Amino acid sequence: EPEVTQTPSHQVTQMGQEVILRCVPISNHLYFYWYRQILGQKVEFLVSFYNNEISEKSEIFDDQFSVERPDGSNFTLKIRSTKLEDSAMYFCASSDLRDSTEAFFGQGTRLTVV
Amino acid sequence: AQSVAQPEDQVNVAEGNPLTVKCTYSVSGNPYLFWYVQYPNRGLQFLLKYITGDNLVKGSYGFEAEFNKSQTSFHLKKPSALVSDSALYFCAVRPPSGGYNKLIFGAGTRLAVHP
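In the order they appear, the protein sequences are chains U and C.
Residue numbers for the first sequence follow this note's numbering, beginning at 17 and rising by one.
Residue numbers for the second sequence follow this note's numbering, beginning at 1084 and rising by one.
Please keep in mind that the hints were generated in silico from the structure rather than gathered at the bench.
None of these values were measured; they are calculated from a predicted model.
Hints are supplied without guarantee of correctness; some may be wrong.
The list that follows gives simulated cross-link-like pairs (lysine to aspartate or glutamate, DMTMM-like), each with its CA atoms no further than 25 Å apart [stated by the list, open to error]: (1) Lys58(U) - Glu1147(C); (2) Lys1141(C) - Asp87(U); (3) Lys58(U) - Asp1168(C); (4) Lys58(U) - Glu1091(C).
Estimated spans, in silico, between C-beta atoms of each pair [to be verified]: (5) Gln33(U) - Asn1138(C): 43 to 53 Å; (6) Asp78(U) - Glu1098(C): 25 to 35 Å; (7) Gln30(U) - Asp1137(C): 48 to 58 Å; (8) Asn1113(C) - Thr128(U): 33 to 43 Å; (9) Gln30(U) - Gly1145(C): 28 to 38 Å; (10) Asp78(U) - Pro1090(C): 29 to 39 Å; (11) Ser97(U) - Glu1098(C): 47 to 57 Å; (12) Gly1145(C) - Gln33(U): 15 to 25 Å; (13) Gln30(U) - Gln1128(C): 41 to 51 Å; (14) Leu55(U) - Asn1095(C): 36 to 46 Å; (15) Val40(U) - Ser1143(C): 15 to 25 Å; (16) Gly1112(C) - Ser74(U): 13 to 23 Å; (17) Glu1147(C) - Arg114(U): 15 to 25 Å.
Think of the CB as a built atom: it goes at the ideal place given N, C-alpha and C, for glycine as much as any other residue.
Please take these sequences and the hints and turn them into a complete structure.
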């Protein structure tokens, strides 16, 4: 069964450092997303990406965040200068073009900023 | 504002008993509705969805959910709970904005099934 894969599973970084979280979406999917889940809180939408550009972003997704699809398979989330409050589980998801389709989520990357 | 409410932080059920995990939503129009499950140290796994049609939808692992438009609810149910069903359950809605698959999640309900 096809799945979304994320690396690394856990990343520890110092405050102020840049981190890149990586995702390989399902191969025939065209919509890509990042969500985050701060410990004990709800899953929050960050950004959606389609046709090589951001289609929608939340207020959380400020100038410190960027996304990229550098090749035909990877989808990355970069945080330029991490803050303590960026510590969370980050989920990548993908979906196909159908309007009613569900999103498929990766297993997540736990980011810890120290 | 668009939102999803899961009023129970935790639901405790004895194995073999029926279970219900509640979800209500506040979204204009006719949203698509989803349930996801999260096992420890795992990602979100899709369980089922309501798009249109029959108000009772069936999904993975014997789960089903009932859509009630007048009450704006989408409660998750299972006739007979298993210990292995113990996990964190998230209700989510996709607003009918036409375009992209952004999901609005509830806070999650932890289901604990006791032997």
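Hint by hint, here is what the structure shows:
A distance of roughly 22 Å separates the Cα atoms of Lys58(U) and Glu1147(C); the hinted pair therefore holds under the 25 Å criterion. For the proposed pair Lys1141(C) and Asp87(U), the alpha carbon gap of about 38 Å is over 25 Å, so the pair is violated. Proximity of Lys58(U) to Asp1168(C) is assessed by CA-CA distance (about 20 Å); at most 25 Å being required, the pair is judged to hold. With a C-alpha separation of about 13 Å, the suggested pair Lys58(U) and Glu1091(C) falls inside the 25 Å cut-off, and the hint holds.
Between Gln33(U) and Asn1138(C) the beta carbons are some 50 Å apart, a value that agrees with the proposed interval 43 to 53 Å. In this structure the supplied range 25 to 35 Å is violated for Asp78(U) paired with Glu1098(C), their Cβ-Cβ distance being about 46 Å. For Gln30(U) paired with Asp1137(C), a C-beta distance near 53 Å keeps the hint of 48 to 58 Å intact. For the pair Asn1113(C) and Thr128(U), the supplied restraint of 33 to 43 Å holds, since their beta-carbon distance comes to about 40 Å.
Distance hint for Gln30(U) and Gly1145(C): a CB-CB separation of about 46 Å, inconsistent with the stated range 28 to 38 Å. Range check, Asp78(U) to Pro1090(C): Cβ separation about 32 Å, and the 29 to 39 Å hint holds. Checked against the hint of 47 to 57 Å, the pair Ser97(U) and Glu1098(C) passes, with Cβ atoms roughly 49 Å apart. As the Cβ distance of Gly1145(C) to Gln33(U) is approximately 45 Å, the hint placing it in 15 to 25 Å is violated.
One distance hint, 41 to 51 Å for the beta-carbon pair Gln30(U) and Gln1128(C), is violated here, with the actual separation near 33 Å. The given range of 36 to 46 Å is broken by Leu55(U) and Asn1095(C), whose C-beta atoms sit roughly 22 Å from each other. Checked against the hint of 15 to 25 Å, the pair Val40(U) and Ser1143(C) passes, with Cβ atoms roughly 23 Å apart. The hinted window of 13 to 23 Å between Gly1112(C) and Ser74(U) holds, with their beta carbons roughly 20 Å apart.
Separation of Glu1147(C) from Arg114(U) is about 22 Å and conforms to the stated range, judged on CB atoms against 15 to 25 Å.
The structure fails hints 2, 6, 9, 12, 13, 14 (numbered hints given earlier, in ascending order).
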